[in-house]
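Chains as they are written, first to last, in this note's numbering: chain E, 3 to 121; chain G, 13 to 118.
Check before you lean on any hint, since a few could be wrong.
Facing chain G, according to a computed beta carbon distance under 10 Å, are these residues of chain E, among others [unchecked claim]:
#1 F29
#2 N37
#3 Q41
#4 G46
#5 A64
#6 D65
#7 F71
#8 S74
#9 A100
#10 T102
#11 S104
#12 W111
#13 G112
These are calculated hints, taken from the structure and not from any lab test. All residues carry an ideal CB built from backbone N, CA and C; glycine is no exception.
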Amino acid sequence: EVQLVESGGGFVQPGGSLRLSCAASGFLFKNFEMNWVRQAPGKGLEWVSYIVSSSGSTIYYADSVKGRFTISRDNAENSLYLQMNSLRAEDTALYYCARTISNYYFDFWGRGTLVTVSS
Amino acid sequence: IQLTQSPSSLSASVGDRVTITCRASQGIRSYLAWYQQKPGKAPKLLIYRASTLQTGVPSRFSGSGSGTDFTLTISSLQPEDLATYYCQQLDNYPSTFGQGTKLEIK
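With the rest of the complex left out, here is chain G (with noise of 0.2 Å):
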C-alpha cells in the first residue's frame, strides 16, 4: 500500500491554520497514524486510528478521513510545530509510512 503526503513542504506563519494530505492507494479503513518528526530526534505519535489524539499531544492537532482520505490540521500554528510529519498505515504488514512533509516556519 502506497501512500502519498502532500504538499512535500510548506510554509506557513505562526498562528495559521495548516492541512496534511495523506492519500492511500487503497483502502486502509482508519489504520492510520500521524507522526511528527524534529530534526535529530525520533519521531513521535500524534493521531491514531487516524482521528484519536495520543495522550499529552497538544489539542491544536487533529486528524479526520477514512478509507483512502485522510488528513493532519494544525488548528493554529506554533514555533515549535517545526517539523516532518509523516503517515503511516498499520492496515496491514507490509506498513509503510508517507514520503513526509516538511514544515517551515514562515
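Just chain E, with the same shape it has in the complex (with noise of 0.2 Å):
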C-alpha cells in the first residue's frame, strides 16, 4: 500500500526555519517524481516544488517560495524534504507532498503536516 506521511510542521516566528520531510512507503521511491502543495486555512491548492525522480537533479520552485524554499530527497531513506527558510505569515499552511506521475496527475497524498508562521 502506498503511504506518504509528512512531518516537521509546528509553529514558527517570522525570519524563523522548518524542515519538513515526507515519509514514502509502499512504492519505489527512486523512481517517482515527487511534489509538495501547500493549502492555507480556509483556500485552495497551491503547488510549491517539484522535484524529478532518482538523482534530483530537475528542481522547479513557486515564484512565492524561490530563494527561500529547498526540496530535495533521499532515495536510500525513501524520503522527501523541504528546508524551509525566512519563513512568512503568508507561508501558514498546510502542506502536502504528493507522488507525481510525469505529466499527467498526483496520484498519492499524504495527509499534510501544519506550519504556523506568527509572531
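Starting from two chains that each stand alone, build the complex the way the hints lay out.
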C-alpha cells in the first residue's frame, strides 16, 4: 500500500526556519517524481515545489517560495524534504507531499503537516 | 498559466447533472487533472489527461476538453459528492491549480 507521511510542521516566528519531511513506503520511491503542495487555512491548493525522480537534478519552485525553500530527496531513506527558511505569515498552511506521474497527475497524497508562522 | 474555474460554488440536488468548467490562460493540450477534496481530507485524483477516469472512481464522473477549455461532469449527483473540486494543469512547471469549486447538496 502506498503511504506518504509528512512531519516537521509546527509553530515558528517570522524569519524562522523549518524542515519538513515526507516518508514514503509501498512503492519504489527513487523511480517517482515528487511534489509539495500547500493549502492555507480555508483556501485553495497551491503548488510549491517539484523534484525529478532518481537523481533529483531537476527542481522547480513557485515564485512565492523561490530563494527561501529548498526541496531535496534521499532515495536510500525513501524520504522527501522541504527546507523552509525566512518564513513569512503567508507561508502558514497545511503542506502536502504528493507522488507524481510525469505530466499526468499527482496520484497519492499524504495527510499533510501544518506550518504556522506567527509572532 | 492561470486556471479559472466556474462557478466558485454551486448547490445542486441528488440526481442532478453537475458541470464545472476550467479555463486555462494558454493552451495546455490535454495535461489537465481533476481532484476532489472532502473537508479535512487530502485531495483525491478523479480524472487525468482531461478525460481518463482514475481507477476506482465512479463512472458518474467524466471529463472532457483540450487546449484551454475543460469540463468536469457528474452525471447524477450523490450525497457523498459533497466536496471542493480543483483542476490542475501539468503541461509545464510551475504547475497550477484552479481556485476550486465548492459543491453543496441541496
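Item checked: Structure versus earlier hints, numbers of those that do not hold, lowest first -> Failing hints, ascending: 1, 7 and 8.
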